[in-house]
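> Residue 46 in the UniProt record's numbering sits at position 46 of the sequence shown; the count goes up by one each step and never skips.
Read the hints as simulated data drawn from the structure, not as lab findings. These numbers were taken from a predicted model, which means no experiment stands behind them. Among these hints, one or two may not hold up.
Stated by the list, open to error - Beta-carbon label-pair distances, calculated as ranges:
no.	residue 1	residue 2	range
1	G12	N61	30 to 40 Å
2	P35	G62	32 to 42 Å
3	G12	K40	12 to 22 Å
4	G12	G56	11 to 21 Å
5	N36	D67	17 to 27 Å
6	A31	D6	16 to 26 Å
7	R63	N36	27 to 37 Å
8	R63	P35	31 to 41 Å
9	T50	V30	31 to 41 Å
We treat Cβ as the ideally placed atom computed from N, Cα and C, and that holds for glycine.
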Amino acid sequence: MLKVVDVCKRYGAHQVLSYVSFELQAGDLVALVGPNGVGKSTLLNIISNTETADRGSVTINGRSNSDRAIF
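With the hints as extra help, turn the sequences into a complete structure.
Now the structure itself:
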């Protein structure tokens, strides 16, 4: 299970992600769509722990995404 709770990210004065929250179960299918610059890649980078959120948390199967052992 992937759980994203209240994730926020800002680049200077530009708020890219604002309190993004959702849960996905095994087998769920989701698409991130939207115009350039709305935070799609940023959200995926935060989930994969290649970028840090300013606020919020990401867990995969109940473990923080910052725990490299889950990957």
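> Compare the structure with each hint and give your call.
Quick rundown of the hints versus the structure:
1. G12 <-> N61: 30 to 40 Å: Once the Cβ atoms are compared, 34 Å apart, the range 30 to 40 Å for N61 and G12 holds.
2. P35 <-> G62: 32 to 42 Å: Check passed, 34 Å falls within 32 to 42 Å.
3. G12 <-> K40: 12 to 22 Å: holds (19 Å)
4. G12 <-> G56: 11 to 21 Å: holds (19 Å)
5. N36 <-> D67: 17 to 27 Å: About 32 Å separates the Cβ atoms of N36 and D67, which means 17 to 27 Å is violated.
6. A31 <-> D6: 16 to 26 Å: holds (22 Å)
7. R63 <-> N36: 27 to 37 Å: holds (32 Å)
8. R63 <-> P35: 31 to 41 Å: For R63 and P35 the Cβ distance comes to about 33 Å; the hint holds.
9. T50 <-> V30: 31 to 41 Å: With Cβ atoms ~19 Å apart, the hint is violated.
Taken one by one, the earlier hints fail for this structure at numbers 5 and 9, listed in ascending order.
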